[in-house]
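Asker: Starting from the known structure of chain A, arrange chain B on it as the hints suggest.
These protein sequences, in sequence, are chains A and B. Mind the numbering: the first sequence is residues 1 to 109 in the working numbering, read in order. Mind the numbering: the second sequence is residues 1 to 113 in the working numbering, read in order.
Because the hints were derived from the structure by calculation, they are not lab data. On a predicted model such as this, the values are computed, not experimentally measured, just so you know. There's no promise every hint is true.
When the alpha-carbon atoms are kept at most 25 Å apart in a straight line, the in silico DMTMM-like pairs for lysine to aspartate or glutamate are as follows [what the hints assert, rightly or not]:
(1) B:Lys9 x A:Glu40
(2) B:Lys67 x B:Asp18
(3) A:Lys37 x B:Asp85
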Amino acid sequence: QQPVQSPQAVILREGEDAVINCSSSKALYSVHWYRQKHGEAPIFLMILLKGGEQKGHDKISASFNEKKQQSSLYLTASQLSYSGTYFCGTVTGANNLFFGTGTRLTVIP
Amino acid sequence: DTAVSQTPKYLVTQMGNDKSIKCEQNLGHDTMYWYKQDSKKFLKIMFSYNNKELIINETVPNRFSPKSPDKAHLNLHINSLELGDSAVYFCASSQGGTGQPQHFGDGTRLSIL
Numbered sequence: 001q002q003p004v005q006s007p008q009a010v011i012l013r014e015g016e017d018a019v020i021n022c023s024s025s026k027a028l029y030s031v032h033w034y035r036q037k038h039g040e041a042p043i044f045l046m047i048l049l050k051g052g053e054q055k056g057h058d059k060i061s062a063s064f065n066e067k068k069q070q071s072s073l074y075l076t077a078s079q080l081s082y083s084g085t086y087f088c089g090t091v092t093g094a095n096n097l098f099f100g101t102g103t104r105l106t107v108i109p
Numbered sequence: 001d002t003a004v005s006q007t008p009k010y011l012v013t014q015m016g017n018d019k020s021i022k023c024e025q026n027l028g029h030d031t032m033y034w035y036k037q038d039s040k041k042f043l044k045i046m047f048s049y050n051n052k053e054l055i056i057n058e059t060v061p062n063r064f065s066p067k068s069p070d071k072a073h074l075n076l077h078i079n080s081l082e083l084g085d086s087a088v089y090f091c092a093s094s095q096g097g098t099g100q101p102q103h104f105g106d107g108t109r110l111s112i113l
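Chain A on its own, in the form it takes in the complex:
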């Protein structure tokens, strides 16, 4: 039930953009996005509750395509502080949150 994320890892220079994709084999009720820095706890970024919903704050946004059972996280004009591992989390009928395989993002000066 674990969603699959792509890419597994990405390296960006400051100011570049990135897209992280999350794909599930099961129908989704909602999608969560979290960021985890090395040695720290995951931190909540946003939840998308409806198919087609898009959300964002600052320069990080996400979309949710319910029909395709996919979500994408968009990071624009990346900053050094964006470095970390990004996880999507999907809620299916079992009502548990299943985290994706993770995408390690590294932003370099």
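Answerer: What follows is chain B alone, placed relative to chain A:
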């Protein structure tokens, strides 16, 4: 004030032992969770629990058991520890169930010798 706190932060023990990890949240949330993060950084749900319902991930061995003395606490008890139990265990909480933002504790790094 720490929102979700876990103790201990590090736990080193031998195979076969029984151990507990404690979790407390002061956010007034009604749902708490335990996750396991392995060496490949995969985060897996183990349990979610509120006053009414315990949802268990069916892949979790029955050596693992959650114990909730009250709404603000969800402890994890592990019997007969095995080498494969080595991981970081995260406690989390949310208000209103799985569909809401989850706040994580700092994790407990469990190492089995």
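Asker: Now tell me, hint by hint, if it's right for this structure.
Answerer: Quick rundown of the hints versus the structure:
With a C-alpha separation of about 12 Å, the suggested pair Lys9 (chain B) and Glu40 (chain A) falls inside the 25 Å cut-off, and the hint holds. Of the pairs offered as hints, the one joining Lys67 (chain B) and Asp18 (chain B) holds, with about 14 Å between alpha carbons and a cut-off of 25 Å not exceeded. Between Lys37 (chain A) and Asp85 (chain B), the direct Cα distance comes to roughly 23 Å. Compliance with the 25 Å bound is thereby established for this hinted pair.
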